[in-house]
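Start from chain A and add chains B and C according to the hints.
Residue numbers (the working numbering), protein chains in the order written: chain A, 1 to 449; chain B, 1001 to 1381; chain C, 2001 to 2696.
Keep in mind that the hints were calculated from the coordinates and are not lab data. Hints are not guaranteed to be accurate.
Covered, in the sense of this in silico footprint (three residues per stretch, anywhere, with C-beta under 8 angstroms from a C-beta of chain A), are these stretches of chain B [unchecked claim]:
no., stretch
1, 1040 to 1046
2, 1164 to 1177
3, 1253 to 1265
4, 1347 to 1360
Think of the CB as a built atom: it goes at the ideal place given N, C-alpha and C, for glycine as much as any other residue.
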Amino acid sequence: MSHPSPPHQPTQIVFGMPTPAEVVAGTALELRSQPVPPPGWTPPWTREEDEEEEEELELPTEPMTVNMGPSHPAMHGTVRIVLTVEGETVRAADVQVGYLHRCFEKEAEAATWTQIFPYTDRLNYVSPLLNNVGYALAVEKLLGITDRIPERAQYIRVIVGEMSRITDHLTCLGASAAEVGALTVFFWMIKAREWLWELIEELTGARLTNSYVRIGGVAADLTPDFAPRLRDLIRRVRQTLGEVESLLVKNRIFRDRMDGVACFSPQEAVAWGWTGPCLRSTGVPYDVRKDHPYLVYDRFDFDVPVGSRGDNYDRFAVRMEEMRQSMRILEQAIEQIPPGPVQIDDPRISLPPKREVYNTIEGMINHFKLIVDGIKVPAGEVYSYTEGGNGELGFYIVSDGTGRPYKCRVRPPSFILMQSLHKLIVGGGIADVIPTFGMINMIGGECDR
Amino acid sequence: MLEFLIEHTWLQALIKMALLILAFVMPLASLSTWAERRQSAMMQDRLGPNRAELRLGSIELRLWGILHFVADALKMVFKEDVVPARANRFLFGLAPILAIAPVIITFAIIPFGSDLCVGHAFEVLRDPASMCTSTIPLQVARIDQGFLFYFALASLAVYGTTLAGWASYNKWSLLGGLRASSQMMSYEVTMGLSLMGAFLIYGTLEPHAMVLAQGPTPSSWGIVTQPLAFFIFLTAAIAETKRAPFDLPEGEPEIIGYFVEYSGMRFGIFFLAEFVETIFLAAVVTTVFLGGWQVPWLYPDGFHLMGWTLELPHLAVVLIQLVVWSLKIIVLCWLQLLIRWTLPRFRPDQLMRLGWKQLLPASLINIVVTAGVVLARSGGR
Amino acid sequence: MADDPKKTKQPATDLPARGSSAPPPGVASSTHIATRRSGSGLPLVPPRPATGEGIKPSIADALRETADAVQEAVRELTGKTQLAVPVAVVQPTPAQIRAADALSRTLLSPRPPSGPQGSRGPSPPAPAPAPGEPAAGETKPVDMVTLKVDGREVSVPRGTNVLEACLKAGVEVSYFCYHPGLSSPAVCRQCLVEVVGQPKLVPSCYTPVADQMEVLASSPRALLARQQMLEFTLVNHPVDCPICDKAGECLLQKHYMDWDGKDSRTDFDKVHKPKVVDLGPYIVLDAERCILCTRCIRVCDEVAGQHQLEMAWRGDRQELVVAPGQRLDNPYSLNTVDVCPVGALTSKDFRFRMRVWELYTVDSICPGCATGCNIEVHHHQGEVWRLVPRENREVNGYWMCDEGRFTYKELRRARVAGARIGMGKGMPGQVASIDKAVSYAAERLGRICDDKGTVGLVFGAQAQNEALYALYKVAELLAEQGVPVRRYVLGRAPRPERQDNILRSADVNPNTAGAQLLAGPGAGGLAELRADLGAGVLKALWMVGEDVPIGAEELPALLPLLDRLQLLIVQAVHDTEIVRRAQVILPAAAWAEVDGTFTNAKGMVQRIRRAVDPPGTARPHLELVGLMSQKLGLARGQGWQGSPRQAFLHMTGAITATLPPPDMSGPIPAPLRGFARAEWGRDMPPVQLRFANARG
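Next comes chain A alone, as it looks inside the complex (with noise of 0.2 angstroms):
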């Protein structure tokens, strides 16, 4: 099967706004004088079939416009597409978001920072232990307490964070593959998955809702047999993966509906604000680990796997690839953690020991005040961002110096990702947006808050 059109080359169809980079180039306007769809254009899965359907092309077809969600099997209830279709081809997308907003930003405003992390919890709800750490940089960002966070604890947020990584990937694969039907292959994933979730409950308490990052550390440590319990997940979860890519990667059938389909160049990802793994399947190599490392991610070795050609397919084999990498990087931390206290030792951010609380006046005025008035964060704003499951998660956090923020605004990666989300399945069948949505991972709760 050959691609329809070269991977880098804006596509010539143009539907809906143009993009910053059509603006910048000063060709919008020319493109978007071209008439809606230019003549002779065909989409590009009936492209072969030309000269044989030429005749039944001419018929008198009437566009139909469905409804694609929220409620609809592929849009997880969160999303509605309102596509105008000839027959099975896509001619205009009208991407609706906002069907999971739960007010984050305007609750957080309400809340102490630390009540916050349950909230962050409820962001990428798949890998939830990401959204703590982002938020948790953030704060501490704030008070000026980022290097002095212990190193224990900021390589059990590298490590949590990873694994939370890793969960993510195996999620939005294994959805996706489900979402084309390899049924099997999602139920190997999140079995994978599930064993991740089962250690990383042991750890935190929660399967899901985490909320085990704290400001200035993690909640607790890691348990006595984590580190082997963790090799040992490691090499199963790499034995599923393996097993995965056999039904996968040399079927015919998944690679056709994969390959090639809903290229996006890397000047478009990157004028368009595409981060994570969708902007590195284009080729570009931005990995905040890598270019910006935070915690303590500048002490491992790992790779940023790159695409080239920006379609389904990188989408997918640079998070399968991404996956072996955290691997790598958990058995790296797991190697180097040294031992030490999980917790800053300040009074005035980390809650003083039970028995000093139940005991002593100052430890009940300490953990009182950080309880109900909150810790005070010294006014100010600050921008923080880190590597989250889908792309750079950032954290714009306003302080009054009281104890909750006066805005917390979060740059959600797939909120990004979903503004061109027209751009990738304009042209394509109604059978390719269910894969390019799912490869773009939009995750309702991060992405309307």
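Okay, now just chains B and C, sitting in the frame of chain A:
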């Protein structure tokens, strides 16, 4: 009594049809709903449904959850039957019937055992041609058109899905119906052409005659003489059943399917029709490529293998043939489950390309080659 | 009627005669405090003239003078000019404005810090302007001194203490016993700072500033000393936070978190003292929690002028007790709870009922009397839980009276929650929707207007200015149509026994001045209303507010008169006998449920803010008047009726001066301040107390 039956073939046919459908096809279809779940569960490291049980006093019949299909059926029957507000009620109701009826009817041409010689049940049948004066064919309708009848009826089945998609007054189901009609019509061509080679070899369209033509020697079965046709037909027939990887008309995460608006037993009938089609597909493949009810080296008088002989009475031979026929079908059903839970779904363009550009030319080549070989072997007659 | 005798009534004889030269009963306490002070190594000072006592005669004089001046001016104005209906524009003379300003400043400026007099520089002139405020150059030039606090230069008036100078320079210093509204005894030692040139650390709240003084408020030595003082204080403090009502707004907690944060170093038993001591009708003491700052003693002495609390025992056994033969029952007693830095004194009304950090705060004005004390309404989930005073040096300083604090209970008592249409005459009437009731009322009123029957309009002194302004517009438009209109100002009956020249006014209506202004000079009071009713002049009466200035015993005489009306419309907050006489009852929102303004007895227009939702279908007076005027066809160009802010802006544009002081108000006359100088103020989003950053 027996004479009466032999004389009145219509009554005979009715009884055989009832036996075949009620005693074999329907239970097997129901069981395969359970089997599908357990099969997929095993493949996916899950348990699958294993809880349904029957409690009679202190006796608990769990049976690995087989009773789930009973629970399913009860649920389907008692669910609310919703008809969308602006749907065409008549066609909406007709569609499930149109979906299941052709499949069940076509079972009439499937031979499920050799002819039963009346009066010689417990004898070894050394010379069937002379001994069997009056027989009861284990086939509902032995008609010369045979497979043409099947093709004719199978093309009716497309109406069920298309009408369901159209009558539901839902754009998604309409898309599903359109996908179904294009898919089924495309693959019917391939399906018919792929069998053409077999027809040439067997020199008949009548299934019973085809089974007889293959004989009890596996080397002369269709799968050996027509291996390419076997794979082409299996692929096309699975596409015809609209099951994964060809479940585009359903395409659950994409377009939700032509029966999106159906609920209760109406949906149940579509569901069942799918499984009946699976069984029917297995029956056809068995008949054409796996020697039908033929058991390797089992002749009417018993087993003959490399000079070694085991004589068996006629009834025993027929029973063994019945059982083996059933086993062949069950194995083929299982094979379909395996495929269904392994492969991802096609995309419509891939499906069309596969059908028209790969399977169709291949089946044409198959016909040409087979015709040439047949012509050559027959000495140009 | 709405007085609340069982809670707040106090025999008038208990009140010391203000301005009298009789020695206050607080002398004993002064010596007591002085004794403690001598123990702390500071020079013993003679019993200072209790600041409140020293100033109050002059307040009374000023009051009397200003009142006379204003009344004189008013007599002149009213006598000479026939005021046009409805509002006359009166330009106050500069002299009058100065007099009014002087009055308010004299009355409400904070007490001067009374340092050891003569020890450093001349004694401060009293009253000194508040720290941090620009000097009011109008009356006297202020002697400014410049000093350095942690290297920052700051200029403050001479006589300011070092603590205030530090705070003004933006340098935080912890303190317990200092309070800007009280004298400074320097008993807590929590505000120790280093002064260059002095061998020992000095208590900053007790040290007056000197020129070129160099203060090191954050030097390690000062910080260590303050930490150690805090540790001393914490040694015997019980581990009570989870059950303490002050938790969340506790100064001890705040200082520990801000300044100390160290672990405990003690492992011996804490000293035990009485836990639940009944000090008075409203207050309970937990002596263990007390940190002996004496703020409460000073509140009683200096604000209420009654010596009811004092210290007993000494060392770590020292504890707060009521003075011999006394109870803590002065009308300002609950201010002791506010000033208590810890949870030692708790209000019986509030304790154990609501956690303070859950409360949301909204700035408002006390509706209890014409003084218009500035308050914060603390509410949670649609219920008001307490009112606390808010600093406003021009009105109430830092204080409010106990009776005012309990006005929130009115919000839950006998409310009219839905409209009713009925026969009146005491019959209950039928429940109706507001639209229906308004339509009915407007239709009947319209018919009476068409017949040119006399319509009476009651400007309730409990209603907000904006609603009354809308009613004023109705009066104007009706008068234009030739309908005879009579206006009355009614409110709750004055209670002269409340009058104490501190904060409590005899007029228990928050907006008498505003109602009087908006009703116009021709407006009558209850006497006129009674006469008009008796004469049968009035055909219809429309009351905005249901209160009438008579007691329950006189009410039966009024009711039959009301029955003579063809139509009585009442916009009622509370269900009363009067309300039950009405043909149409419209449910009105109370003061805490609306945005608006009140004009206090001094003519200051102050903003009230919506804290909670009104019950049932009750709506603000303004909205009800707006609906009525719409139905009456008088709403052309009256779009401002839609929002209180618009109404206010319209009103300030239209009415630029006040009118003569109302007869009903207390002896404090209204200074001449028009709406033109009033501002609507910013809207406040509800802030939870734990995030308010101002408390504990």
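Quick rundown of the hints versus the structure:
As drawn, the stretch 1040 to 1046 of chain B meets chain A at 5 residues by the rule of a beta-carbon pair under 8 angstroms; at three or more, the given contact holds. Only residues whose beta carbon comes within less than 8 angstroms of a beta carbon in chain A count, and the stretch 1164 to 1177 of chain B has 3; three or more means the coverage holds. Interface restraint, the stretch 1253 to 1265 of chain B with chain A: holds (4 residues with C-beta to C-beta distance below 8 angstroms; minimum three). Against chain A, the stretch 1347 to 1360 of chain B contributes 6 residues with a C-beta closer than 8 angstroms to a partner C-beta. That satisfies the three-residue criterion, and the hint holds.
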